[in-house]
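> Work the whole structure out from these sequences, hints included.
Residue strings, one per chain:
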Amino acid sequence: MKKNKDITTRSSVYKRSASSKIEGKAIKWILLACALLSVATTVGIVVSLVVQGWNFFMEVSLWEFLTGTRWSPILKPRAHGVLPLVGGTMLVSIIAILFAAPVGLGAAIYLSEYAADRVRRIVKPVLEILAGVPTIVYGYFALSFVTPSLQKVIPNMIVFNALSAGLVMGIMIMPMISTLSEDAMMSVPRSLRNGAYALGATRLEVASRVVVPAALSGIISSFILAVSRAIGETMLVTIAAGATPRLTANPLESIQTMTAYIVQLSLGEAAFGSLEYNTIFAVGLLLFFITLIMNLIGSLVVNKWRQKYE
Amino acid sequence: MSSNQAQSSLFPENLRKRKRFGQIIYFLLLSCVLIGIVSLLILLVRILFDGIDWLSWHFLTNFPSRHPEIAGMKSAIFGTIWTIALTGSFTVPIGIGAAIYLEEYSPKSWFTQIIEINISNLAGVPSIVYGLLGLALFVQWMSIGRSVLAGALTLALLVLPIVILAAREAIRAVPDSYRQASYALGSTKWQTQKYVVLPSAMPSILTGVILALSRAIGEAAPIIAISALVYLTFIPTNPLSRFTVMPIQIFNWVSRPQDEFRGLAAAGIIILLLILLGMNSFAIYLRNRYQKQSEE
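Residue numbers (the working numbering), protein chains in the order written: chain A, 16 to 325; chain B, 59 to 354.
Bear in mind the hints are in silico, worked out from the structure with no lab data behind them. Predicted model only: the values in this text are computed from it and were never measured. Incorrect hints may have been included.
Unchecked claim - Quick look at which bits of chain B chain A covers, simulated, 3 or more residues with Cβ under 8 Å:
no.	region
1	74–80
2	93–102
3	129–143
4	179–189
5	271–283
6	289–301
7	321–328
Beta carbons are placed, not taken as given, at the ideal position from N, Cα and C, and that holds for glycine.
Spelled out as structure tokens, the structure:
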């Protein structure tokens, strides 16, 4: 260390004085502060939701909120059971994942096991464009194209419904599943595939009995993350799925999701501090926890798989 | 592997049948990819078809109006420019700073790990939740009001994880020999970062920043929570002005039942997609130019 110092004091280009040492320390602290801002963001989210939600739970019991089956925070008689919103969210997300899981996985298998390099280099960016389209555009697409098209097949379907919102959501999250699953399959060692070929397996058998099982945790994790994305998605369901909080399993009906409710109430500019205003924080808190838990499970599953292969 | 013992039952003998079955599945898998591509094509063609008639010069220079023939998105376009300019100026220095810290300074400790886990979890928080954060923290508690500044701060937090992840990857890709050469010349750690690491990582950092900002341009949900208004006929004059952005103006038009407003919404989407296309092309151009340079 001492020798080092000698060299630097001799050089005229880089002067290392006491002040530059302090500067180095200060810069380190500034950079650390930048990194800590992300932690502060998480704390900020939790604090703002909990504090504002607290005002709500002073008037409505947590039990009533979580188990009530009627949601009518503005029209009297008022009711604050969140289950219709949760049910609406689940309905749309289930439709989306039922569409996106097989299609996304199929696309991933094709890209990872079948496609020539040239094809993959064109197809992957195209699918990524799908993932980059703003969700407001998907909302427009659902309302002005998918719903009218579905109405030709199902004549008694109403304009705002869970089915077309769910299907378009499926198109939206499909690239996420195909990208993440493909990454998982690409990292399955070549030797496993070669072993299976040596045993006389066909290409499909290698893909379905060797590669997919080996990449299964990555694939499952991609499904979980995609569902979490669907649960948090806002504009698409606000536009296409309706604004009727209703506990139903019928995809042809109009429903309301948690996110769409938050938007609906925000548009009304409710007075700060009123009970209606505080409902959005209670719903937001629930939404935050649901997606957080799903994301944690998703990354836990994928981390386990990483340990296995590295 | 238990499959070895069960080998004969796992792989039936009839090869021709198995290969034909494989062919059928191959077409199924191919059709999965085609579903994605065809959906994108239908979406783009449909929007172009719906909106092209409504595109005109005054669509860009007029304020929104009850009369669809003269309605435009001037206030939304200016709102978006204001918002994104502010968002970028907050998120870029902080994101790069955090990335430098995590890649170059941080000790390998539980503390660093917490920051890393936290960042990857933040990337999965729904955007509307960020809107609620901004509404409580900036609009209400810090009394910034439903302003451009509040919206930009919220979007800055929203895209911060994306910027940090992109910047970290870019910094990690700078060869270690560069750093060692710099140290060998007697530079301090910060001089190495400032004159060696950052300049050579900058093109990829910029690519990531552009992609993050194009995400911010398309976001509507958090801005609705912040701004509430969807109909404005003035442009922001300072960071504390009220504002609207392009996706919200589009949302406003989509939610009206008349066909004319649907046409306007499609026209607005075309403009929005053109901006995103421009930004993404620029990002790709930067990446390619950088790749060429590093090959030379």
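> State for each hint whether it applies.
Taking the hints in turn, this is what the structure says about them:
1. 74–80: holds (count 4)
2. 93–102: holds (count 7)
3. 129–143: violated (count 0)
4. 179–189: With 10 residues in contact (Cβ-Cβ under 8 Å with chain A), the coverage given for the region 179–189 of chain B holds.
5. 271–283: Holds, because 9 residues of the region 271–283 of chain B bring their Cβ atoms closer than 8 Å to Cβ atoms of chain A.
6. 289–301: violated (count 0)
7. 321–328: holds (count 3)
Consistency with the previously given hints fails for numbers 3 and 6, ordered from lowest to highest.
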